[in-house]
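Chemist: Now for the letters of each chain:
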Amino acid sequence: GAVVSQHPSWVICKSGTSVKIECRSLDFQATTMFWYRQFPKQSLMLMATSNEGSKATYEQGVEKDKFLINHASLTLSTLTVTSAHPEDSSFYICSASFSGTYEQYFGPGTRLTVT
Amino acid sequence: KQEVTQIPAALSVPEGENLVLNCSFTDSAIYNLQWFRQDPGKGLTSLLLIQSSQREQTSGRLNASLDKSSGRSTLYIAASQPGDSATYLCAVRFSGAGSYQLTFGKGTKLSVIP
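Those protein sequences? They're chains Y and G, same order as listed. Residue numbers for the first sequence, in this note's numbering: 1 to 115. Residue numbers for the second sequence, in this note's numbering: 1 to 114.
It is worth saying that the hints were derived from the structure and are not from the lab. If you're wondering where the values come from, they're calculated on a predicted model, not measured in any experiment. There could be a bad hint or two in this list.
Reference excerpt, derived from the structure (chain G facing chain Y, CB under 7 Å, subset only) [what the hints assert, rightly or not]:
(1) Gly43
(2) Leu44
(3) Arg61
(4) Phe104
(5) Gly105
(6) Lys106
Backbone N, C-alpha and C fix where the C-beta goes; we use that ideal spot for every residue, glycine too.
All chains should be built: construct the whole structure from the sequences, respecting the hints.
Modeler: Following this line, the structure appears as structure tokens:
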């Protein structure tokens, strides 16, 4: 149980374009979802936290207009990287929690490469 | 600032050896601590979760300890196998932060040599 999927697993896009990453909880209702970014040989850095039906809370230094997060349902959250630049190339991982528990269940990650 | 540090950054051991990975954190006020495994280019697999009131957790060949007062945790792997090769991440849920928020260390990359 508690499976989280991400799509796509990897994506290459051109500088200036936008790309959307999906995060789905497959067998539970995720009241809270988290988006992390991981650069090579670095730890996971929390970008934002979103609760279903509410606006996401962004961590300091994360541009909310660049990284658009939508958590429209209890099983789906999306991260849209707008006007992507090469420095946005990274590994993006989502996680999800359900009501009553603090444990996060992690997706397999999405490798974004901006050329 | 609440931080999590893992030492060493990389470790290479021959198959069959027992080993210890270290994690330290700056604030003893925590909800819990969690150890994860990450394979190259993959997401995270949860290994062990230790609540702040616990001293250790065991799962198979893995044993994680927690010393909250000194801000330290260790992950002990017994009889290591090549399949254990991965990066091991320590994450702490600090009290006072967003209650769900995890703070991660940079990880220890383990290589088990056949």
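Chemist: A separate judgement is required for each hint: does it hold in the structure or not?
Modeler: Comparing the hints with the structure gives:
no.: 1; hint: Gly43; verdict: holds, 4 Å
no.: 2; hint: Leu44; verdict: holds, 4 Å
no.: 3; hint: Arg61; verdict: violated, 22 Å
no.: 4; hint: Phe104; verdict: holds, 4 Å
no.: 5; hint: Gly105; verdict: holds, 6 Å
no.: 6; hint: Lys106; verdict: holds, 4 Å
Hint 3 from the earlier list is the only one contradicted by this structure; the remaining hints agree with it.
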